[in-house]
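Peer 1: Chains as they are written, first to last, in the working numbering: chain V, 1 to 373; chain C, 1 to 316.
Hints are computed from structural coordinates only; laboratory data are not their basis. Every residue, glycine too, gets a C-beta built ideally from N, C-alpha and C. Among the hints, erroneous ones may be present.
Derived CB-CB ranges, DEER-like [as the list claims (entries may be wrong)]:
no., chain 1, residue 1, chain 2, residue 2, range
1, V, L105, C, G29, 19 to 27 Å
2, C, E310, V, L159, 40 to 48 Å
3, V, A111, C, D153, 45 to 53 Å
As a list, the in silico EDC-like pairs of lysine to aspartate or glutamate whose alpha-carbon atoms are at most 20 Å apart [said to hold, decoys possible]:
no., chain 1, residue 1, chain 2, residue 2
4, V, K263, V, D250
5, V, K208, C, D110
6, C, K49, V, E343
7, C, K307, C, E250
8, V, K163, C, D60
9, C, K49, C, D60
10, C, K31, C, D283
11, C, K31, V, D250
12, C, K314, C, E57
13, C, K256, C, D283
14, C, K314, V, E343
15, C, K49, C, D249
16, C, K31, C, E57
17, V, K208, C, E128
18, V, K163, C, D179
19, V, K163, C, D191
20, C, K31, V, D48
Computed footprint of chain C on chain V; a stretch qualifies when at least three of its residues, placed anywhere within it, have a C-beta under 8 Å from a C-beta of chain C [to be verified]:
no., stretch
21, 71-85
22, 291-305
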Amino acid sequence: MSQATQAVGSDERVKQISSLRKALIRPELGGMCGTVIVFVLFFIFAGDSGMFNAQGVMNWTTVSAQFMIIAVGACLLMIAGEFDLSIGSMIGFAGMMIAIFGVTLGWPMWAAILITFALCLAIGALNGYIVVRTGLPSFIVTLAFLFILRGFTIFLPQLIERKTIIGGIRDAAEGDWLAPIFGGKILTGLFQWFGDMGIIATFTRGTKQGQPVVEGIPMLVVWALFLVFVGHFILTRTQFGNWIFASGGDAESARNSGVPVNKVKICMFMFTAFGAAVFAACQVMEFGSAGADRGLLKEFEAIIAVVIGGALLTGGYGSVIGAALGALIFGVVQQGLFFAGVESSLFRVFLGVILLFAVILNTYIRRIITGER
Amino acid sequence: MKSVIKTIALATTVAATPLMVATTASAAGEKYILVSHAPDSDSWWNTIKNGIALAGEQLDVEVEYRNPPTGDLADMARIIEQAAASGPDGIITTLADFDVLSGPIRAAVDQGIDVIIMNSGTPEQVREVGALMFVGQPEYDAGYAAGLRAKGDGIGSFVCVNHVISNTVVAERCRGFADGLGIDLGSQMIDAGQDPAEIKNRVQAYLNANPETDAVLTLGPTSADPTKLALEEMGLAGDIYFGTFDLGDEIVKGIKDGIIQWGIDQQPFLQAYMPVVVLTNYDRYGVLPGNNINSGPGFVTKDGLTKVEEFAGKYR
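With the rest of the complex left out, here is chain V:
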């Protein structure tokens, strides 16, 4: 369809839009404004607190990357018109599965990771299958899985090991070929050079003396950028991306024009589950243990990031870049409040207020640019 309009060139039925306006009409505009505001604010109020030295930057980058990994899946799913509330539980479940297969059962780590991913994708598909077959709101179906998965995450390790935290994953992953893809760090040489040059601080004592305080870019961040790129490409450059928009915009008319709506939705549930599994794999590889309480409330954090990024809760509108910016804003605000020394019990109040304003701002901007009233 897009080819057709391009071929015609100027069509009297298509309204002329100035290039400036065209550049502004994008769902991520709100996210961009928000990002600028947040950075300027924290630069003013927390500029000298260590927030913008190498360690501080790595701190909020990592947290933002975590949000991004789950936000990309949640964003595409939301554009396709569905919700997934089981993301947080899926993170806990996936981490625990890796620990059980890799440590308790002693399988090689690559096998544990692959089987966990297969399991998570299967559960994601089941989520989607139930939603499209029963026609129940995804809100309810995935809420059920929130409890089911969390329950298993607590029950299984207690049954097998009589405890709810399984450690020793780092030792079990030693020398494995797949584990560094989630737990490793890249560009370590570059950062060592930075440290030697005095551009970033180095450890002053202990076994790591002389090494830079930031060793390298964690794979978590690489995964986040990779998923954002893939998600953005699929959504904006492929036919499948158009199907996603169509499924969320108006499922019935999409179906009538031949879009496999059910398949699209099930795929998006699986992609969301994939994001949660990546999150979990990175986390257990970095920290070396899986706990039953991991990922609590992460489903809401993902949804919040997506909504800050300009997606509509009702589906059919949104952007992956927007969701990524939303995740960045969320991560920077969350860690930045700590850096700015805000009283910790008021932390959630500020978070709520800032989020609310971000969404209101977004709504106004969208109304202005789309001209909707």
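We have chain V; now place chain C onto it with these hints.
Peer 2: Chain C alone, transformed into the frame defined by chain V:
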């Protein structure tokens, strides 16, 4: 477009006000950050907050309290990294899960920040991460002592109401208690969750299913208060042997009324207060106590409750 600008301006002011207040409030003295593993819902940590605040006031140093809102230990690791990046003179933190937290703590130590471990952790782990010392109650030993005491009172079976099932260190209390009694823990530890109504119902369900249970052991006010309510509703209050870890308003009242036989006080006040004192004196004069500080266990019974009652939930 005008309304957009207005909204931005409004958002800026609202977001900025608290930040400005916070930055101007900072004192000139040394700065210490306490990072706990407790979710916001755990009221026990209020005493810790009061403890560091008092120490900060008396010693004229700046203190901050940080915790992961949901109690997610991976989030806590990020907070420790964040605390290290902000460059304080010292960090006081718990070691609730060695695997997760040892990396960030060791990195902070290597960066030149003094670390004291409080509340959770073992002396070996504390040495391994390079912390100065441990201030807290050895959990297994405390549970074991309580078990021996209960055995002396003729107890043969119990139910352990665990509201922080994910914290392995706290579960040691139950294991110690079982070992003190000389019985197998088996399935006598229940995962009660954090919600008071759920805890109450689970305790009632367990006691209905296992009516021969001799004793109830709770691991803190979060589980003790609803458990007390459950026992009162079942008519078992004062009849069944009831011991608890930690103190709080309701627990003190329970001890006074004879519903709770004893409360094990690990004196959280000291766990927060002492590290600030130790760190400040270490930074100012270079003096450091030679050993770990045991803040507990101390058994609080019906005798000598006045001071406890006066400061319960605040400093006790």
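Peer 1: Next step is simple, just say for each hint if it's right about the structure.
Peer 2: How the hints compare with the structure:
Hint check: L105(V) to G29(C), Cβ distance near 53 Å, so the stated range 19 to 27 Å is violated. Checked against the hint of 40 to 48 Å, the pair E310(C) and L159(V) passes, with Cβ atoms roughly 46 Å apart. Our hint of 45 to 53 Å for A111(V) and D153(C) holds, since their Cβ atoms are close to 52 Å apart. For the hint pairing K263(V) with D250(V), the CA-to-CA distance comes to about 15 Å; that is within 20 Å, so the pair holds.
A distance of roughly 7 Å separates the Cα atoms of K208(V) and D110(C); the hinted pair therefore holds under the 20 Å criterion. Simply put, K49(C) and E343(V) have alpha-carbon atoms about 11 Å apart, close enough for the 20 Å limit, and the pair holds. Using a Cα cut-off of 20 Å, the hinted pair K307(C) and E250(C) holds, with the two alpha carbons roughly 15 Å apart. Distance hint between K163(V) and D60(C) is unfulfilled; the C-alpha atoms sit about 42 Å from each other, more than 20 Å.
Annotation: proposed proximity of K49(C) to D60(C) holds, straight-line Cα distance about 16 Å (limit 20 Å). Taking the CA atoms of K31(C) and D283(C), the gap is about 11 Å. The hint holds against a cut of 20 Å. Proximity of K31(C) to D250(V) is assessed by CA-CA distance (about 56 Å); at most 20 Å being required, the pair is judged violated. Among the hinted pairs, K314(C) with E57(C) is consistent with the structure: their alpha-carbon atoms are about 16 Å apart, no more than 20 Å.
Under the criterion of a C-alpha separation no larger than 20 Å, the hint pairing K256(C) with D283(C) is inconsistent with the structure, at around 43 Å. For the given pair, K314(C) sits about 19 Å from E343(V) by alpha-carbon distance, which is consistent with the 20 Å threshold. A threshold of 20 Å between alpha carbons decides the hint, and for K49(C) with D249(C) the separation of about 17 Å falls inside it, so the pair holds. At roughly 12 Å between alpha-carbon atoms, K31(C) and E57(C) fall within 20 Å of each other, so this suggested pair holds.
At roughly 14 Å between alpha-carbon atoms, K208(V) and E128(C) fall within 20 Å of each other, so this suggested pair holds. For the hint pairing K163(V) with D179(C), the CA-to-CA distance comes to about 17 Å; that is within 20 Å, so the pair holds. Simply put, K163(V) and D191(C) have alpha-carbon atoms about 11 Å apart, close enough for the 20 Å limit, and the pair holds. With a CA separation close to 15 Å, the supplied pair K31(C) and D48(V) stays within the 20 Å bound.
As drawn, the stretch 71-85 of chain V meets chain C at 0 residues by the rule of a beta-carbon pair under 8 Å; below three, the given contact is violated. Note: the stretch 291-305 of chain V has 7 residues with beta-carbon separation from chain C under 8 Å; the three-residue rule is met and the coverage holds.
When each numbered hint is compared with the structure, violations occur for hints 1, 8, 11, 13 and 21.
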